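Protein chains: 2
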Amino acid sequence: MYFDTASLTYDARGLIPAIAQDAHSGEVLMMAWMNADAVALTLQTGRVTYWSRSRQAFWIKGETSGHTQRLIELRVDCDRDCLLLKIEQVGPACHTNRRSCFYTVVEEGGEKVVMAPEAD
Amino acid sequence: MYFDTASLTYDARGLIPAIAQDAHSGEVLMMAWMNADAVALTLQTGRVTYWSRSRQAFWIKGETSGHTQRLIELRVDCDRDCLLLKIEQVGPACHTNRRSCFYTVVEEGGEKVVMAPEAD
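Taken in order, these protein sequences are the chains called A and B. For the first sequence, position 115 matches number 115 in my numbering, and the numbering has no gaps at all. For the second sequence, position 95 matches number 95 in my numbering, and the numbering has no gaps at all.
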């Protein structure tokens with residue numbers, strides 16, 4: 001799919017935040033970053049591809065773990081500086097093997113982990 | 001509610017991204033930024049308070065528009081560098097008067113606006 005990635009607004013590092021949401025359940029699974037080429041690759045391949053800030057390399061989600069993300073729909077926000085990816089997630093999205101990276105609730109008296117790691 | 005805001009990871013500007021999700025429908029409404037004090041204020045008051053990068057000031061969501069966000073639950077992600085806010089949204093979340101800022105779908109042949117502004 002052709003899309004003018006230059007129409008998006010990137011930060012000083014050339015990155016834009018991308019929120020991954022389960023296309024069916026609506027659960028927010030993770031947030032990671034893309035550069036313009038990662039956006040283009042994601043749209044071209046349908047496989048969600050982030051930019052790894054630590055490795056400074058493309059991060060084809062699930063390439064090593066098998067926990068891939070298939071793009072169902074990509075949305076841009078009003079300021080064109082954030083992306084919402086509606087996806088189909090294979091297995092857990094989080095590197096801790098949990099469905100979502102947002103498994104810790106801040107509450108009175110401390111924090112509570114509300115999600116268990118999935119079985120391998 | 002006491003929470004050690006220094007336990008979060010902020011970027012070079014001292015900010016952390018915060019995703020606002022409708023606590024009931026699961027719809028992702030917007031993404032904005034908080035600094036440590038905005039996180040503390042949000043937890044103390046239950047009124048979602050961001051940090052405005054353009055104004056360099058607290059942004060108590062809805063203070064002028066009336067379109068407030070009441071915090072239901074705050075979650076941190078595995079890396080502690082992103083927040084997920086489950087909220088109750090009064091009126092539209094977006095400054096365009098739409099329910100969500102993510103009203104534009106990127107698709108073959110262009111972009112499609114899938115949400116109309118709400119009536120005043």
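It is worth saying that the hints were derived from the structure and are not from the lab. Just so you know, not all the hints are guaranteed correct.
[As the list claims (entries may be wrong)] Okay, derived cross-link-like pairs now, DSS-like style, lysine-lysine, Cα gap no bigger than 30 Å in a straight line:
{"#": "1", "chain 1": "A", "residue 1": "Lys86", "chain 2": "B", "residue 2": "Lys86"}
{"#": "2", "chain 1": "B", "residue 1": "Lys112", "chain 2": "A", "residue 2": "Lys112"}
{"#": "3", "chain 1": "B", "residue 1": "Lys86", "chain 2": "A", "residue 2": "Lys112"}
{"#": "4", "chain 1": "A", "residue 1": "Lys112", "chain 2": "A", "residue 2": "Lys86"}
{"#": "5", "chain 1": "B", "residue 1": "Lys86", "chain 2": "B", "residue 2": "Lys112"}
[Said to hold, decoys possible] Some chain A residues flagged as far from chain B (calculated, every beta-carbon gap over 10 Å):
{"#": "6", "residue": "Gly14"}
{"#": "7", "residue": "Pro17"}
{"#": "8", "residue": "Thr45"}
{"#": "9", "residue": "Arg55"}
{"#": "10", "residue": "Gln56"}
{"#": "11", "residue": "Phe58"}
{"#": "12", "residue": "Ile60"}
{"#": "13", "residue": "Arg98"}
Bear in mind the structure is a predicted one, so any value in this text is a computation, not a measurement. Ideal placement from N, C-alpha and C gives every residue a C-beta, glycine not left out.
Ascending list of hint numbers which this structure does not respect: 2, 7, 13
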